[in-house]
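**Student:** Line by line, the protein sequences give chains X and G. Here UniProt numbering is used: position 220 in the first sequence is 220, and no number is missing along the way. Here UniProt numbering is used: position 94 in the second sequence is 94, and no number is missing along the way.
What the hints contain is simulated information worked out from the structure, not anything from laboratory work. Each residue gets a CB set at the ideal place from its N, CA and C atoms; glycine is no exception. There may be inaccurate statements among the hints.
Said to hold, decoys possible - Covered stretches of chain G, as calculated for chain X (at least 3 residues, CB under 8 Å): (1) 130 to 137; (2) 160 to 167; (3) 213 to 226.
As the list claims (entries may be wrong) - Quick list of simulated restraints, FRET-style, between CB atoms: (4) G:K125 <-> X:R61: 43 to 49 Å; (5) X:A236 <-> G:K164: 53 to 59 Å; (6) G:D261 <-> X:P121: 48 to 54 Å; (7) G:A47 <-> X:A97: 27 to 33 Å; (8) G:A211 <-> X:E132: 51 to 57 Å; (9) X:D261 <-> G:A47: 53 to 59 Å; (10) X:P121 <-> G:D20: 40 to 46 Å; (11) G:P121 <-> X:D159: 41 to 47 Å; (12) G:G30 <-> X:D281: 36 to 42 Å; (13) X:S161 <-> G:A51: 37 to 43 Å; (14) G:K125 <-> X:P7: 56 to 62 Å.
Claimed, not checked - Below are the DSS-like pairs computed for lysine-lysine, each with C-alpha atoms no more than 30 Å apart in a straight line: (15) X:K129 <-> G:K125; (16) G:K125 <-> X:K289; (17) G:K289 <-> X:K125; (18) X:K129 <-> G:K164.
Listed below, chain by chain, are the residues.
There are 2 protein chains.
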Amino acid sequence: MASDLRPPEHQVAGHRASADKLGPLVDGEGLFYKPLQAGERGEHEAAFYAAFTAHPAVPPRVRGAFFPRFHGTRFLPAPASPGGAPYPHIVLDDLLAGLPSPCVADVKIGACTWPPRSPDPYVAKCLAKDRETTSALLGFRVSGVRVVDARGGAVWRPDRSELKGIDAAGVRRVLRRYVSTGGGDDLDCALAAAVYGGEGGVLAQLRELKAWFEEQTLYHFYSASILFGYDANAAAAAAPGGGSGGVRVKLVDFAHVDDGDGVIDHNFLGGLCSLIKFIGDIVAEVTEKASSDHS
Amino acid sequence: MASDLRPPEHQVAGHRASADKLGPLVDGEGLFYKPLQAGERGEHEAAFYAAFTAHPAVPPRVRGAFFPRFHGTRFLPAPASPGGAPYPHIVLDDLLAGLPSPCVADVKIGACTWPPRSPDPYVAKCLAKDRETTSALLGFRVSGVRVVDARGGAVWRPDRSELKGIDAAGVRRVLRRYVSTGGGDDLDCALAAAVYGGEGGVLAQLRELKAWFEEQTLYHFYSASILFGYDANAAAAAAPGGGSGGVRVKLVDFAHVDDGDGVIDHNFLGGLCSLIKFIGDIVAEVTEKASSDHS
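Bound conformation, chain X alone (with noise of 0.2 Å):
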């Protein structure tokens, strides 16, 4: 085990590590320590690692694009915990390891973000802040973003609180800065080619992703995320024909998965399938801009 732990600089969504609280951790070698969550989530993250990664029936290929590798649990030294005991951890890919300026989007799938068994109380906290976000009306809710500008190495990462108010708009807008270069109110898109477009890019990513919801009924994805993560440098070097920025899409956190008991898992489809619509608009237009810049 690497001896320097320590906060993932790129980290957008969830608890930060700090002295007194306990968070993820990279070892800049490849591994990200995730804390067991409290109460039943931890286990339950934990035993759906466990039971995913051995599963005969997810398509290696599926396993291997889309998810992060399990490599356990192990307890690491935690000043944060009672008495400064050990805490268990879920090992695992480091995601955005070998990416030198990593951008990194966290989107939260599904209009619903509880399982339909939940006791009333959860569904209800649920239920407000999915219809308080975009969840409800797009199915999907950005959970964090940070964009390393290529050119000037400026970091854009909204407050939570800023991502929580935004609206469709908000949304689009967001997409957009993702894979713009400069930032402020002029959304260039100059590497959306690279990052959404392309054989490697997010788009193609995604439907293949879908390809699997459509049929697989293994599995629902509740409250779990897909995260992008490309390089700007490597974006920004990329051939304009799109997709060798090191483009990553992958499944996170899996604290409310349940049992598809074969039903497919049409909550996590439907929002996917929004998410694929949003990022094609855009796909669309700076294909479109730039075969009208051409004639």
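Starting from the known structure of chain X, fit chain G onto it as the hints suggest.
**Tutor:** Here is chain G on its own, set in the frame of chain X:
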């Protein structure tokens, strides 16, 4: 206007017309008269039909294949209305006209049956019903079904309370019974290839509808239903290759349609994909059985 207006024999959901109750009527010549619902709903549904019929962005093929044709609104004598005054009705194609032995299923689509901006008490009422029925879990619920046995002519029409209580396994049984001859516990799915499968079958039609829902951002169809119809005798006589039993797949019930505002209807689409999986599973099962019987 034909003089012999009467309640449709095949009605499987909603209020039934009688001497002292408003309900839908048919004229036996191809038209269906639906009394305007109380409050804003009736006006809202009539306005939807008028706007939808004229909307330039709705592909004519989609409008023609999947929606009843709208013939305006008309006042009809209504013994049940106050003072016997004429009451406004929406005039539509009778979707089951020309089917001597219509088999009908009404499937309400969407995990969530209330538009996001609904008042809290309405949300609470709908949410309770969505959780009690299969809507939340499956993304759809069977609201009504009527099956005529092609062999003996016996009609199976479970009442509303019977359908309300069914779970995922019950829905699977109903969808199998809808294409079975006989009845009882041994559901033979003898008509599955003709009704669900093949070129013009339910599955092919649902997939075409799905392609539109992946793109369309005009409308959100909360609490709308898909109505299936076929003729028991025609389906029984159809070639086992499938798809020639006069199969109809139509959207109905538009009192809660919302503007799409540039966002796809992820709630309807998710439920539609779930229904496609249920029906696709039945088609796959009978196809496999047929090929193993022949080998």
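**Student:** Confirm or reject each hint.
**Tutor:** Hints versus structure:
Three residues within the 8 Å Cβ limit are the bar, and the region 130 to 137 of chain G against chain X gives 3, so the coverage statement holds. Only residues whose C-beta sits within less than 8 Å of a C-beta in chain X count toward coverage, and the region 160 to 167 of chain G has 0 of them, not enough to reach three; the restraint is violated. Coverage of the region 213 to 226 of chain G by chain X holds. Counting CB-CB distances below 8 Å, 3 residues qualify, and the rule asks for three or more. A hinted range of 43 to 49 Å holds for the C-beta pair G:K125 and X:R61, which are about 44 Å apart.
The hint said 53 to 59 Å for the Cβ distance between X:A236 and G:K164, and at roughly 57 Å that hint holds. G:D261 and X:P121 have their C-beta atoms about 32 Å apart, which leaves the hinted 48 to 54 Å range violated. A C-beta distance of roughly 55 Å is found between G:A47 and X:A97, which places it outside the suggested range of 27 to 33 Å. Here the CB-CB span from G:A211 to X:E132 is close to 33 Å, at odds with the stated 51 to 57 Å.
For the hinted restraint 53 to 59 Å between X:D261 and G:A47, the CB-CB distance of approximately 40 Å leaves it violated. Against the hinted window of 40 to 46 Å, the Cβ-Cβ separation of X:P121 and G:D20 comes to about 44 Å, which satisfies the hint. Between G:P121 and X:D159 the CB atoms are about 34 Å apart, so this pair departs from the stated range of 41 to 47 Å. Restraint check, G:G30 to X:D281: a C-beta distance of roughly 41 Å satisfies the suggested window 36 to 42 Å.
The supplied range of 37 to 43 Å is met by X:S161 and G:A51, whose beta-carbon atoms lie about 38 Å from each other. The hint said 56 to 62 Å for the Cβ distance between G:K125 and X:P7, and at roughly 45 Å that hint is violated. Between X:K129 and G:K125 the alpha-carbon distance is near 18 Å, which keeps this suggested pair within the 30 Å criterion. For a cut-off of 30 Å, the pair hint linking G:K125 to X:K289 is broken: about 47 Å separates their Cα positions.
This hinted pair does not check out: G:K289 and X:K125 have alpha carbons roughly 47 Å apart, beyond 30 Å. Pair hint X:K129 plus G:K164 holds up; C-alpha atoms about 29 Å apart against a cutoff of 30 Å.
In summary, the numbered hints that this structure violates are 2, 6, 7, 8, 9, 11, 14, 16, 17.
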